[in-house]
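**Q** Here's the letter readout for the chains.
Number of protein chains: 2
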Amino acid sequence: MRRWNGWGDDSIQPELPGTGLKFLKERIGPAKPLPDTSLEDVIAQVPPSRLPDHPLINTDPETRIRHARGQSLPDWLAMRSGQFQVFPDGVAQPEDAWRVRTLLDLAAEKGFNVIPYGGGTSVAGHINPLDDDTPVLTISLEQMNHLLDLDTESQIATFGAGTPGPLVESQLRARGYTLGHFPQSFELSTLGGWIASRSSGQQSLRYGRIEQLFAGGTVETLRGTLNIPTLPASSAGPDVREMVLGSEGRIGIITEAKVRVTPLPERESFHVMVFRNWHLAREAARRMVQAKLPLSMLRLSNAVETTTQLALAGHPLMTGLLETYLKLHGAGDGKCMMTFGITGTKRQCRFALKEVRAFCKPFRAVYMGTGMGRKWARKRFAMPYLRESLWQQGYAVDTLETATDWDNVDYLMGLIEVNLRHGLSHEEQPVHVFSHLSHVYPQGSSIYTTYVFPVAADYEATHERWKHLKETTSALIVNNRGTISHQHGVGKDHAPWLPQEKGELGMAALHGLVTTFDPGNRLNPGTLLRDETDSSGNDNRTGS
Amino acid sequence: MRRWNGWGDDSIQPELPGTGLKFLKERIGPAKPLPDTSLEDVIAQVPPSRLPDHPLINTDPETRIRHARGQSLPDWLAMRSGQFQVFPDGVAQPEDAWRVRTLLDLAAEKGFNVIPYGGGTSVAGHINPLDDDTPVLTISLEQMNHLLDLDTESQIATFGAGTPGPLVESQLRARGYTLGHFPQSFELSTLGGWIASRSSGQQSLRYGRIEQLFAGGTVETLRGTLNIPTLPASSAGPDVREMVLGSEGRIGIITEAKVRVTPLPERESFHVMVFRNWHLAREAARRMVQAKLPLSMLRLSNAVETTTQLALAGHPLMTGLLETYLKLHGAGDGKCMMTFGITGTKRQCRFALKEVRAFCKPFRAVYMGTGMGRKWARKRFAMPYLRESLWQQGYAVDTLETATDWDNVDYLMGLIEVNLRHGLSHEEQPVHVFSHLSHVYPQGSSIYTTYVFPVAADYEATHERWKHLKETTSALIVNNRGTISHQHGVGKDHAPWLPQEKGELGMAALHGLVTTFDPGNRLNPGTLLRDETDSSGNDNRTGS
Chain U
1 MRRWNGWGDD SIQPELPGTG LKFLKERIGP AKPLPDTSLE DVIAQVPPSR
51 LPDHPLINTD PETRIRHARG QSLPDWLAMR SGQFQVFPDG VAQPEDAWRV
101 RTLLDLAAEK GFNVIPYGGG TSVAGHINPL DDDTPVLTIS LEQMNHLLDL
151 DTESQIATFG AGTPGPLVES QLRARGYTLG HFPQSFELST LGGWIASRSS
201 GQQSLRYGRI EQLFAGGTVE TLRGTLNIPT LPASSAGPDV REMVLGSEGR
251 IGIITEAKVR VTPLPERESF HVMVFRNWHL AREAARRMVQ AKLPLSMLRL
301 SNAVETTTQL ALAGHPLMTG LLETYLKLHG AGDGKCMMTF GITGTKRQCR
351 FALKEVRAFC KPFRAVYMGT GMGRKWARKR FAMPYLRESL WQQGYAVDTL
401 ETATDWDNVD YLMGLIEVNL RHGLSHEEQP VHVFSHLSHV YPQGSSIYTT
451 YVFPVAADYE ATHERWKHLK ETTSALIVNN RGTISHQHGV GKDHAPWLPQ
501 EKGELGMAAL HGLVTTFDPG NRLNPGTLLR DETDSSGNDN RTGS
Chain E
1001 MRRWNGWGDD SIQPELPGTG LKFLKERIGP AKPLPDTSLE DVIAQVPPSR
1051 LPDHPLINTD PETRIRHARG QSLPDWLAMR SGQFQVFPDG VAQPEDAWRV
1101 RTLLDLAAEK GFNVIPYGGG TSVAGHINPL DDDTPVLTIS LEQMNHLLDL
1151 DTESQIATFG AGTPGPLVES QLRARGYTLG HFPQSFELST LGGWIASRSS
1201 GQQSLRYGRI EQLFAGGTVE TLRGTLNIPT LPASSAGPDV REMVLGSEGR
1251 IGIITEAKVR VTPLPERESF HVMVFRNWHL AREAARRMVQ AKLPLSMLRL
1301 SNAVETTTQL ALAGHPLMTG LLETYLKLHG AGDGKCMMTF GITGTKRQCR
1351 FALKEVRAFC KPFRAVYMGT GMGRKWARKR FAMPYLRESL WQQGYAVDTL
1401 ETATDWDNVD YLMGLIEVNL RHGLSHEEQP VHVFSHLSHV YPQGSSIYTT
1451 YVFPVAADYE ATHERWKHLK ETTSALIVNN RGTISHQHGV GKDHAPWLPQ
1501 EKGELGMAAL HGLVTTFDPG NRLNPGTLLR DETDSSGNDN RTGS
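Top line first, the protein sequences correspond to chains U and E.
Heads up: the first sequence runs through residues 1 to 544, numbered per the numbering used here.
Heads up: the second sequence runs through residues 1001 to 1544, numbered per the numbering used here.
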């Protein structure tokens, strides 16, 4: 069953290997886990619903708890401590767009707010209700999870927007197709959520971001139904599709999504290459993508991430042998691991691998074959479970991500890491920080940074640690040519920093868009755009 | 010198070969050219300017004439007949964004409208002033035509938005880079115009449409300056960049554009392949692009276009030999010519060509090498001059274009062609019609249709012919899953059909966007969105 207070299925309990634990202890000291609250205790706290009785609305306390929070670190702290503070007043799980419409009409009539809910995997507070006087209905799209149509000539698949990653792929795979969108949250996140939050998948180099995959569909809004026709391309004015992408539930609820699919590839393999240092590795990555080498993914870990991954993988004997081998080939301390994917026909894959290896020769990379790549592919969606294991050992883990142009990648990654690493120095508490480039573009790259610190003596103090790290680093990012989010979206957590990125007129354009569709501010208020009442500087982000 | 009443430089006078003329006569009968008006006669008609005296505003009649019309067929008829009906009241050619700002502030203060002007190559009435009581200032960006910065690490070039195609490429080429954006109008159209009208270049398969090339920049609006930062990608809400793309001067004037550039390729070649019939050719094109073959362009002429091109090329002896050769290889009447480009390193090009040839074998294509492809590349921007030659023989030529999903390409192309071909049957006047797919996508394709008919006895009757063909076909397109424009934009000519494509809520979103930036409706009114006062059904499209 899905965990009510953490990630994924509760039958999956990955253990942290002893080498990993030792590695962390050496770096940031020992830790003492905080006690978890029980579900029963939280159920007892849930206040009565303020919503009208309605056959489509479920007001059962456990259901409301299970739709109250996402997966950000403050969400974890709230769920583990039981300090939810606010719950939706009810949850609806409509089976079709008609029922979504009915609920929206009801919201307008009865005066409650609506939060659309996909897989509940937001790490930026997208689906957290605000703590105010207006009742909140969370509309989960989970029942709208079918492949409705597949046009193999135009390669367009139509899905219910609540279809989660595994059901997107299994329903397509049975017909010989793939969407090719694999975010880290793949196991639980949904197609509609990907569109609403402008998601990016690990193989975006081949398949594109969700912006390139989303072809059209249907959005139920408070002003009626918005239909976006599929067109391969158009010059007919600004693209309404692009206004839905990233709208985070503020203009309507996506009910049906048409996406561009691809026949399953003949071959796919993932390879690992190790570079002597960051400088060589980063230059190779930049030049590979700028040379348009036919890769389907590229991920480049910096030196600390490479070392951390080897430690957390366990198998000290194997790792030792590997390190010796790499040292012999010139890659010792400071080495950086690149994982890349090659996808296509047998002939295309053979050619691509030859091209990549030839290209990387001047960068003196050590090619490691497909063994470690296979392992990465097998575990690619398991990372969030590691958070659970670390938590049980008393370690809190969070990630921060951005993207910037190549000329700024090293500088910004350095700033982020230094700020996090020394961010708790006032408590004399080191933080373990490492990064990788997860998505590369000819113009620049995403930077994905993970930071681990021991929980404090209580939940409040732990939250304070997070808040300080998150806020100072977010400000650094937007003040130094980074986007506040490359792949997690804005939600409530990033909303304070959006104006710095978009500028005053850009914000006016977004406000204008939201107002066109939702003048009464009923849909997911506080997400994406902080509302006027919210400009006092108070943040609704964590409820604590 | 640039022609005041037609396309391009007046020193270029391509002749229509005898075979081409004979070919057209056989199909649509002989024609008698209409008499051209002289520039002097038009100068005499220009009314006094209603604008205030200002050092940045030029009210010289000839300058006003030269900025009054674009290059649509009704624009030609207006220019050739001298029936302009309306001229801008003045033209400014500011040297920098600061002067653009000054002019916008003046417009707000004094109450005149503003039309931004790039290369004046619109074929949809983008830059034509409305005939109403408000004075109009046309702001030409022509003096802002420099490469301002080139970041070779992030591969971002910054240009003045008025830089025309040849100056974009020559300034980049000198530094070893290319933008790779080659619309048919390349010789005269500008970077800012491409962005404002969501342009597509012939090699978009490799370089992308302008949506993919435009990275950020500066837009002067009536509410201040909108700065769009460069980011390789972002999930931080709807993309403001995408609101500028296709805004057609309605939200502001693009003054500086940052674009994604690429190092000049090692090799580039254009190849021709001939298929026995449309069905095989279209299937090959669809499957090639869906298989992600590494092509840099693909253009597929249907049978009538193939025959027409061979006739218009002249060289009857060569053509005869070619036809005999093709017939021997199974490609007789009904044959279709595909031109494709291959770009990259020597190794990549060799591999790509091998892949394409192997891929097309089951489609029984006859590969013709690079001779005809070289010729196409040499003449790729000369097509608009052919219009001049046809005009002098009494033939009017216009084009219509759209894009649709693959499952609808044949049907829609058929509808468009039949409607045009028989569109003047009430006058017992045949129309010569042919099409090609100019841009292919995995999801679908653009359809680019050319139609030629003899001018009528006078300008008014000729305009009526055009109007009937244009209006009935535009309605057919939007009622049958086509976009009203894949690459020409909306302007004033396509605005009546936009609501059918965008839907009521989509239109509300566009109106909301324009209102956010320009509540007083001063910037290019009537373009993109028909204004409220214009919903009577009157069209401002042709001024005649």
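Keep in mind that the hints were calculated from the coordinates and are not lab data.
Treat the hints with caution; some may be incorrect.
[To be verified] Each computed DSSO-like pair below joins lysine-lysine, with the alpha-carbon atoms no more than 30 Å apart:
(1) U:Lys346 <-> E:Lys1292
(2) U:Lys292 <-> E:Lys1361
(3) U:Lys292 <-> U:Lys346
(4) E:Lys1346 <-> U:Lys354
(5) U:Lys292 <-> E:Lys1379
(6) E:Lys1327 <-> U:Lys292
(7) E:Lys1346 <-> U:Lys361
(8) U:Lys32 <-> U:Lys467
**Q** So, for every hint listed, does it hold in this structure?
**A** Quick rundown of the hints versus the structure:
1. Using a Cα cut-off of 30 Å, the hinted pair lysine 346 (chain U) and lysine 1292 (chain E) holds, with the two alpha carbons roughly 14 Å apart.
2. Proximity of lysine 292 (chain U) to lysine 1361 (chain E) is assessed by CA-CA distance (about 27 Å); at most 30 Å being required, the pair is judged to hold.
3. For the suggested pair lysine 292 (chain U) and lysine 346 (chain U), the alpha carbons sit about 19 Å apart, so the restraint of at most 30 Å is met.
4. Between lysine 1346 (chain E) and lysine 354 (chain U) the CA atoms are separated by roughly 14 Å; this keeps the pair inside 30 Å, and the hint holds.
5. Taking the CA atoms of lysine 292 (chain U) and lysine 1379 (chain E), the gap is near 28 Å; set against the 30 Å cutoff, the hint holds.
6. For the hint linking lysine 1327 (chain E) to lysine 292 (chain U), the alpha-carbon distance of about 39 Å lies beyond 30 Å, and the restraint is violated.
7. Of the supplied pair hints, the one linking lysine 1346 (chain E) and lysine 361 (chain U) holds, its CA atoms being roughly 18 Å apart against a limit of 30 Å.
8. At most 30 Å may separate the alpha-carbon atoms for a hinted pair to count; lysine 32 (chain U) and lysine 467 (chain U) meet this at roughly 20 Å.
Of the numbered hints given earlier, the model fails hint 6 alone.
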